[in-house]
Amino acid sequence: MENIKEIKKGELITEGKKFLDAGGKFVTAVCNDLNTQLEVTYFFSINRGVEIKGLRYIVAKDEEVPSLSATTLSTVLIENEMKELFGLKVKDIAIDFGGHMLLAEDSPVTPMLKTKKDALKGEK
Amino acid sequence: MASRTTVPFGPQHPVLPEPIQLRITYEDEKVVDVMPVIGYGHRGIEKACELHEYAKNIYVCERVCGICSYQHSTSVVEVMEQLWPVEITPRIKYLRTIWAEMCRTHSHLLWLGLLADAFGFESMFYQFWRIREKVLDILEMTTGHRVIQSVNIVGGVRRDIDADQKKIIIDTLELVRKESEDLVKVVINDYTVKARTVGVGVITKEQAISLGCVGPTLRASGVSEDARLTKYDAYGELNYEPIVETAGDCYARAVVRARELFQAIDLQIEALNKMPEGEIAVKVKGNPPANEAVMRTEAPRGELYYYAKGNGTRILERLKIRTPTFANLPSVLILLPGCQLADVPVNVLSIDPCISCTER
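Residue numbers (this note's numbering), protein chains in the order written: chain G, -15 to 108; chain E, 4 to 363.
In case anyone wonders, no lab produced these hints; they're calculated from the structure. Treat the hints with care, since some could be wrong.
Unchecked claim - Which chain E residues face chain G? A few, computed with CB under 10 angstroms, are given here:
{"#": "1", "residue": "H45"}
{"#": "2", "residue": "G47"}
{"#": "3", "residue": "G123"}
{"#": "4", "residue": "S213"}
{"#": "5", "residue": "V217"}
{"#": "6", "residue": "S227"}
{"#": "7", "residue": "L232"}
{"#": "8", "residue": "N294"}
{"#": "9", "residue": "R299"}
{"#": "10", "residue": "R321"}
{"#": "11", "residue": "R325"}
{"#": "12", "residue": "F329"}
{"#": "13", "residue": "P333"}
{"#": "14", "residue": "L336"}
What the hints assert, rightly or not - Label-pair distances were calculated between CB atoms; the ranges are:
{"#": "15", "chain 1": "G", "residue 1": "K(-11)", "chain 2": "E", "residue 2": "E184", "range": "32 to 38 angstroms"}
{"#": "16", "chain 1": "G", "residue 1": "K73", "chain 2": "E", "residue 2": "G239", "range": "41 to 47 angstroms"}
{"#": "17", "chain 1": "E", "residue 1": "A293", "chain 2": "G", "residue 2": "D76", "range": "32 to 38 angstroms"}
Using N, Cα and C, we set each Cβ at its ideal position, and we do this for glycine too.
I would like the entire structure built from these sequences, with the hints used as guidance.
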């Protein structure tokens, strides 16, 4: 996809801050399950929202990743969501719901991760 | 020092038709802290979209919300159309624009009714919703359905608008405009409404950007940002500029929606008059390719963001939905602290929250 810059997870805050300092706005983040890894893309809108730019990193499922919420509070909900639904280990979220923003105590754990059954359904 | 008390506002509350909880801490009558709690009705729609073939995602996604169902349907078909990519005809673009603005019209009428109800103007609430029925009637006439239109398909739309329908739509919209003007004047100029909304729940321009606000909530804070500026569908050929207010308070958010109501009527009439002849669907072959795409549309509450990733099979690898209320929800963190307890319902209502969208 155009306009997505590949970064290392440690660069998220400095690279994200560049968009925000230039008048950009955080839009959302998307997490994808790549079997042994997670692909995380943060999207920002610039130029009155006309253009979209993204920052993407790929990490192992057990790796800790930084939060952008200290820079912009707008990432709080989506970072909690990725943490709960994908098991992305986001550390230091400004408001951490402790794994229970969407999921209850007895909910399935990391329900958005792909299972073998899901993969079979997608065969041609 | 006054003692602090924390009370649950919701998930069942008269001002909230859907379940969300705000844990409000107050001191005397003043709110000092708030924590939004969601998750009461999460439906796992994104997961469902990864389990069914792509065409079925339309039926799933248009049920994310009952008010902006059409925008969800448009977003999901257009994000999938970008995966191939599929080039749709200008007539399809115009038809989608007309129905989208119809939905904005009825959504803003619904919200204005709720605002009137929040102030105890029950008759006005009935009147706004009576007018809204006329818009639902033309939606039913043109799509076959009042709430979930189900008229979009990948590569086009199921129904066309003929010359007879065009005349009925324009006549109805003129009537909606006339009747709404009378009511909106009362809401916007009423002493009680102004006393309860002017200077209440101020979000500054910088805060609105920093919190990631969208739609009327963002534009009422002086930010001229709107997904329609990307010129998707027919917006690039219509006389469109975002409606912006600068005060950033509850009143400004009401004024933006009131003005957008009339702008949506203008856009529909302009689109109906400019709509070119052409096919209403193009053939789409095969499965969505291994590709990824983003589609942004402007729903009544703000920018709706869809991300899709195909893998060459009939099932998408990933479909992500970022709804407007999900983006506007962090704004309650600065809207409520400092306000009077009695102003909480109006403040919450002013962002036009849709929990159904948030709990997709």
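Hints, verified against the model:
| no. | hint | result |
| --- | --- | --- |
| 1 | H45 | 5 angstroms, holds |
| 2 | G47 | 7 angstroms, holds |
| 3 | G123 | 33 angstroms, violated |
| 4 | S213 | 6 angstroms, holds |
| 5 | V217 | 9 angstroms, holds |
| 6 | S227 | 6 angstroms, holds |
| 7 | L232 | 5 angstroms, holds |
| 8 | N294 | 8 angstroms, holds |
| 9 | R299 | 7 angstroms, holds |
| 10 | R321 | 5 angstroms, holds |
| 11 | R325 | 4 angstroms, holds |
| 12 | F329 | 6 angstroms, holds |
| 13 | P333 | 5 angstroms, holds |
| 14 | L336 | 7 angstroms, holds |
| 15 | G:K(-11) - E:E184: 32 to 38 angstroms | 48 angstroms, violated |
| 16 | G:K73 - E:G239: 41 to 47 angstroms | 43 angstroms, holds |
| 17 | E:A293 - G:D76: 32 to 38 angstroms | 35 angstroms, holds |
Taken one by one, the earlier hints fail for this structure at numbers 3, 15, listed in ascending order.
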